[in-house]
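Q: Residue-level listing of the chains:
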Amino acid sequence: MTLLVGLAAVYYLGAKLGLRFAYINSSVTTIWPPTGIALAAFVLLGSRVWPAIFGAAFLANLTTTGAVWSSLGIAIGNTTEGLLGTYLVNKFAQGGHVFGRVRDIMRFTALAALFSTTVSASIGITSLALGGLLSWQDAPRVWLTWWLGDAVGDIVIAPALILWVGVKPAVAWTRRRFVEAIVLALITLLVSYGIFGGVFPTRHYPLTVLLWPVMLWAAFRFSPRESATAMLLVSFIAIWRTLGGVGPFSGYAPNESLVLLQVWSGFTAITSLVVAAVVAARREIQGTWRELAVTDPLTGLANHAQLVNALETEIRRSGRSGQPFAVVLLDLDGLKKINDRHGHLAGSLAIRRVAESLLGSCRATDTAARFGGDEFALVLPGTGEVGAWHAARGVVDRLETDAEKPSLSISMGVATYPGDGDTVEALLNAADIALYETKGRRKRRAARV
Amino acid sequence: MSEPLRLPIAADVDVVEARQRGRALAADAGFSSAEQTVIAAAISEIARNIVMYAKQGEIILSLVQSGGRQGVAVVAIDEGPGIPDLKRAMQDGYSTGDGVGTGLPGAKRLMDEFEVESVVGRGTTVKMTKWRRAV
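Residue numbers (our numbering), protein chains in the order written: chain A, 780 to 1228; chain B, 1142 to 1276.
The set of hints was computed from the structure by calculation and includes no laboratory data. Hints may contain errors.
Straight-line distance between alpha carbons at most 20 Å, and here's what the computed SDA-like set of lysine to any residue pairs gives [unchecked claim]: (1) A/Lys1116 x A/Gly1126; (2) B/Lys1249 x A/Thr1144; (3) B/Lys1228 x B/Gln1206; (4) A/Lys1116 x A/His1169; (5) B/Lys1196 x A/Asp1176; (6) A/Lys1184 x B/Asp1153; (7) B/Lys1249 x A/Arg1142; (8) A/Lys1184 x B/Val1154; (9) A/Lys1184 x B/Arg1162; (10) A/Lys1218 x A/Leu1187; (11) B/Lys1196 x A/Arg1069; (12) B/Lys1196 x B/Ala1175; (13) B/Lys1196 x A/Lys1116; (14) B/Lys1249 x B/Gly1264; (15) A/Lys1184 x B/Gln1211; (16) B/Lys1228 x A/Thr1144; (17) A/Lys1184 x B/Arg1210; (18) B/Lys1196 x B/Ala1165; (19) A/Lys1184 x B/Gly1223; (20) B/Lys1228 x A/Glu1179; (21) B/Lys1249 x B/Ala1175; (22) A/Lys1184 x B/Ala1152; (23) A/Lys1184 x B/Ala1165; (24) A/Lys1184 x A/Gly1113; (25) A/Lys870 x B/Arg1210; (26) B/Lys1228 x A/Arg1142; (27) A/Lys870 x B/Gln1206; (28) A/Lys1184 x B/Gly1264; (29) A/Lys1184 x B/Glu1158; (30) A/Lys1115 x A/Gly1126; (31) B/Lys1249 x B/Glu1199; (32) A/Lys1218 x A/His1169; (33) B/Lys1268 x B/Leu1148; (34) B/Lys1196 x A/Gly1126; (35) A/Lys870 x B/Gln1211; (36) B/Lys1249 x A/Ala1143.
Just chain B, with the same shape it has in the complex (with noise of 0.2 Å):
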């Protein structure tokens, strides 16, 4: 298995980096054009919340593999100021205000695993992964 690809996140271009690494490791693990764009939406959210909230952080992606299926699996870190409300962080709506929102509901929307830990004022991990339909 390849070595998981450590990404700094902390300007909107690192979002684009993000993204595109995860359009790439998703293309090269044999994910249709479709399912790459779906990685890439999620990613885009997640990286953009740390930009957005954290200012700073990481995101972690790698190929994982479990049962004979591949997955691509994101990790986002940050020790930014973590979210208060996470049930109300994870609402799926426009109810919050700015146009982007928190991105996590769309992200877990995305994905087929999704996890998110927040501690205020230690930070917030999310951990999500997408498995390869069956060939």
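Just chain A, with the same shape it has in the complex (with noise of 0.2 Å):
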């Protein structure tokens, strides 16, 4: 109830203040933010909140006009719009993660923005020309406009509250971002201001591309929802300077302005978008191939490549703190054995076993590592031969405690440093020499029973 009436008052606010600049038509603006405010709250919060929309739209305009039957007329539109968005939104663009990928934008911006806006403009229209509101004649123009505002109202306020309300940060902001995040707002009001202000008033020189170096910080240093928030900003004080007549959408009849201006932002809105969503895709995919580049696929643990990296940073840490460190190489017995009985399924799980006994047995420092087929390794700071095997002995415990069938066996070797080596080559040679005897004494065991 409390989420109805606050969103319904913050639609009621976003209408009153685009009525403000309705100049061709007392229920008719170029500058429409609820069209976006409903589009954000369908997607985030489903049709479910369609009553506090309707009722904030018809309160709106039956305080404007005081028709009660075009106001109710406008408001079925302008709920419909937001529904018949929505449902496009879901369907075709992913929903609440449309603003990820270009495809989506795209699909957002013809679906959403430019064809349910329709449906709000023709009813709305229709319900001032049969209250008497608007002449049949002027009716086209005054569509236009109508459509123009709702569109602008999806592409400029939707992102921003889509992308700050729906998505969740991936990791908290650092001190040195926060203040980065600042200094580019500062810039960011500041340039808006330079484009737009009439910092030479009787020139309206058309410098709007000094805009773009901002969203492009935006969009490189930080992510699409900066970017949506620069966009809403830089609305904000085009709209405000263009009304009072100065910069370069100015110098026309004020609904003119306003119209040229919301196309501009329309278009530097959704260019930004992309921008944004392409740099964020990038920057994942360099994430996703670094993780690849030192990960096991399977099993999620260091591969070779990263177990020798932990290794050097280990020698270079104890050659400095002269504490010692220990590698322990584990081996599952029999994976051969398991594949051709069980299948390559049973082999693939069998070594996720050994991993998860691995992961829960190491520390947060330790690193788990799978570097050849049935061959793993613990790599342990500041831990001795004991411990060692301590840690050992907790990796075979799981794996025997485990009912998990078929049942799993591994063998261990354990080499510290210094004591058994001082390089990568010579831990690991230490560590397998170890293994193999373990190994054979089993087998020289097994073979006697």
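Two chains, two frames, some hints: make the complex.
A: Here's what the structure looks like:
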């Protein structure tokens, strides 16, 4: 209930703000944030919140014109537009994830911003005309203004709302990042004011391209969320200054200026959303590649390259601190037999079970690696031979209490730095020899039985 | 959203069952093979904990969603002896004497969110969640 009232209040305020810029008809404006608010609300909260949108739209129009039936018609149009836009975005453009991919942004633009808004414009204009608040001759021109206001409302307002509320940030900002965000916001405001603020009052220099460095900064250093927010700031200042009669889009009739400005805003917003999405996607792919380069995809453990890396790091660290560290090599016994008898799927599962035991028994500072088909390793910083056997015992205990079939056994060998070697090769060799000794012992024991 | 899966835990075979179900649930939710291993390992740790210290209890597995992200939530409840020194039980090391320890620090390290509540004589509840990385 609180949610619905709050949403209705936000919508109502947005509508009242928009209607202050209604120049060609008291109900029609090029600045219409409510469309974006409604779309974002439906996408994020679901269509069940429609009564809030409907009620607020009705009230905002009723208190503007006093015409009950026209206001009712307009409210129906506004609500239907949001519901239709949301249905299309959910069905064809990944719903709340719409601003993550270029394809979905294009679909959002076409289906929600450009298409669903024709519904509100058509129903609204018809309601006004039937109510005697608009002459039929004026209808086409007014329709265009209405449609543009709604479309830009979707393009500029909805992304910021959906990205702020709907998408969890991947990582928390560091202090430096926070400072950079504030600087970005300030520069965005400054540049927008420079472009639209009438620094040269008698000349309307068309220097809107000056905005691009700022938008690229937002896209490349931050995420789509910050890009959409920057665009919101820009749009706000641009509208405010253009109405003040300065900047590149002023010098025409008020509605004409706003139409020109909103067309510019729409294209700029979409373009910057696309750039931000492409940058974000690229960053994510890089992250995945980096991870694939150091991990074994089956188990998520470190791979051979990362094992060598961890050993090199520990050798350097121990060389400085004088603390020992240990490396444990572990071999899954009879993997070939498991593969032959139970199939490769059981083999993969067996490998993952060993990985699970390793993950469960190591500490945050340890590295667990799978560096061959059935070969695993643990790198244990600050650990001597006793501690290493203790850790290895943890792995064995986990596998022994594991009632999953087939039951698994492992062989182990331990080597410590610097006693058993002081290079990566020497350490791995020493652990390998220790491993084969235990394996041989066990085989001889088995043969004797 | 699917119904939460309630699994009684009283023996080693139940640990296996819980781990396998957790793995399958994560696989259905689109978690990568590596992430499934991590989730299964964490479930193993807390399930084994129940068998070792409380003798019996329950594990509840469910899929959760937040801000468009999907996650696997694991809740482990037992009415066992409880943990007298929670701080010590959460210490990340091998000093606890026996090989497998309490399993709690391991599980915490493996999951994204981890909460443990324990009252001596009443029992222990562990709640943990792993979020799927963005696609």
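Q: For the pair supplied as a hint, A/Lys1218 and A/Leu1187, confirm whether the alpha-carbon distance does not exceed 20 Å.
A: Holds, at about 14 Å.
Q: Are the Cα atoms of B/Lys1249 and A/Thr1144 separated by 20 Å or less?
A: holds (14 Å)
Q: Is A/Lys1218 within 20 Å of A/His1169, Cα to Cα?
A: holds (19 Å)
Q: Is B/Lys1228 within 20 Å of A/Thr1144, Cα to Cα?
A: holds (19 Å)
Q: Sort out whether A/Gly1113 lies within 20 Å of A/Lys1184, counting only the CA atoms.
A: holds (14 Å)
Q: Are A/Lys1184 and B/Arg1210 close enough, with their CA atoms no more than 20 Å apart?
A: Not OK: A/Lys1184 and B/Arg1210 at ~34 Å, beyond 20 Å, violated.
Q: Keeping to a limit of 20 Å between CA atoms, is the pair of B/Lys1196 and B/Ala1175 held or broken?
A: violated (30 Å)
Q: A/Lys1184 and B/Ala1165 were given as a pair; does the straight-line alpha-carbon distance stay at or below 20 Å?
A: Judged against 20 Å, a Cα distance of about 17 Å means the pair holds.
Q: Hint check: A/Lys1184 vs B/Ala1152, CA-CA at most 20 Å. Holds or violated?
A: Measuring from Cα to Cα gives roughly 15 Å; hence the hint holds.
Q: Would you check the hint for A/Lys1115 and A/Gly1126, treating anything up to 20 Å between C-alpha atoms as holding?
A: Given pair A/Lys1115, A/Gly1126 holds - Cα atoms ~8 Å apart, limit 20 Å.
Q: Holds or violated: B/Lys1268 with B/Leu1148, Cα cutoff 20 Å?
A: holds (15 Å)
Q: Would the pair A/Lys1184 and B/Gly1264 pass a check requiring their Cα atoms to be no farther apart than 20 Å?
A: Between A/Lys1184 and B/Gly1264 the Cα gap is close to 31 Å, so the pair fails against 20 Å, i.e. violated.
Hint check: violations occur at hints 3, 4, 11, 12, 13, 15, 17, 18, 19, 20, 28 and 34; the rest are consistent with the structure.
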